[in-house]
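Q: Just so you know, the protein sequences line up as chains Y and X, in that order.
First residue of the first sequence: 100, per my numbering; consecutive thereafter.
First residue of the second sequence: -8, per my numbering; consecutive thereafter.
Because the hints were derived from the structure by calculation, they are not lab data.
These numbers were taken from a predicted model, which means no experiment stands behind them.
All C-beta atoms, glycine included, are put in the ideal place defined by N, C-alpha and C.
There may be inaccurate statements among the hints.
What the simulated footprint calls covered on chain Y by chain X, stretch by stretch (three residues with Cβ under 8 angstroms from a Cβ of chain X suffice, anywhere in the stretch; the number is not a length) [stated by the list, open to error]:
1. 199 to 210
2. 228 to 237
Some chain Y residues near chain X, calculated using beta-carbon distances under 10 angstroms [claimed, not checked]:
3. Ile119
4. Cys124
5. Leu139
6. Ala216
7. His220
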Amino acid sequence: MSNRTKNTTPSRGQIILFSIAALFCVLGLADATYLTVLALTGETAACSGQAGCQEVLGSAYARVAGIPVAAFGVAGYFTAFTCATFAAFDYPRARKFFALVVGVLFAATLWLLYVQAFVLHAFCRYCLFSAAICFLLMGLVVASPAPRVSQD
Amino acid sequence: MKRFLPFLIVTAVALITFGSGYALYRSKQVAPGATSGVAGGIHVRGKANAAVTIEEFGDFQCPPCGTMSGVLHKLGEQYGSRLRLIFHHFPLAVHAHAGEAAIAAEAAHEQGKFWEMHDVLYKEQALWSKAPDVPALFNGYASSIGLDMERFKSDLLKPEVAARIDADQKLGTSRGVTSTPTLFVNNSVLPVAETNPTGVQKAIEAALNPPPKK
């Protein structure tokens, strides 16, 4: 990300868009961090009245090779946040990485939604919140206009 | 300055995330030194003079408890007379039928068949957890393990049955239990990160083969 190219500049709209994306990523990061802590401490009562939450978080699908799925979410959201922040500060490569990371997060979200709906038949509200963030991020990626090409 | 600003922002967010996550983790952990004065209970599998005693605070509707039940059963077979298992009730409020299941198990205990009911409740957990008519299913399980049904139904309503579950919960709370399953190996709480088949086996081995004193 260190090589800033000078032939493309982000529009004001893009800067705002990536700033909003970074804020969404922070929300997703907070959610994923909370779920990771729950997974590591084995806390079950924290789902406050949501039985489905426990069924999802306690299922075999909540871990991959012993690592909580939420921990991958933390890594994904933090990477997306980093890319969005750098993109807002005019780093063109960060824009490409951001789209790539959001694409991976979105694909993972679709898989996790499928598991909740059709395999576990239970939904966790924290996972649904994360899914909503991923959908919003994907929407921002799709809505993002191409960077302007400057003449100099 | 603008050049360094994204680095500062990303670093700040990383530090805040790590710091708040760590603080939350510490606040939710059972105190590592939590111990009890007595390793006891009325639901015991194994010999009183076993070298290792594992106490479990469990909730019949908690999926990880169901998994742990199978793990402990296998370890019980593997270690034989060297391992003693004790079960304590810790039904969580988030599970709609956990309290009813605990009462059913205690009612089965009145006829000396707690462990039979314990095993069938965990085996059929996925079914009754979502069933609309849980009492009917519990009656079916009681019948399948050979309980006197009239007595079972009246035992479900006994105040002492409910009192035993309350007592277990109070015991768990006094020992720092907040989640299920929580295991104590020879009175020392097993950290949540080690509450898995490998971690439990390691704890048993460590209890069986303590390091030599110098």
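Q: State for each hint whether it applies.
A: Against the structure, the hints:
Coverage of a stretch by a chain is defined here by at least three residues with a beta carbon nearer than 8 angstroms to that chain's beta carbons; for the stretch 199 to 210 of chain Y and chain X the count is 0, and the condition is violated. Requiring three or more residues with a Cβ within less than 8 angstroms of a Cβ of chain X, the coverage given for the stretch 228 to 237 of chain Y is violated, as only 0 such residues are present. Interface restraint check for Ile119 of chain Y: the shortest CB-CB distance to chain X comes to about 15 angstroms, outside 10 angstroms, so the restraint is violated. Given the 10 angstroms rule on beta carbons, the hint for Cys124 of chain Y holds: about 9 angstroms separates it from the nearest Cβ of chain X.
Contact between Leu139 of chain Y and chain X, as hinted, is supported at the beta carbon level, the nearest pair being about 6 angstroms apart and thus within 10 angstroms. The restraint placing Ala216 of chain Y at the interface with chain X is violated, with a minimum CB-CB distance near 15 angstroms, outside the 10 angstroms limit. With its C-beta approaching chain X no nearer than about 8 angstroms, His220 of chain Y sits inside the 10 angstroms limit, and its interface hint holds.
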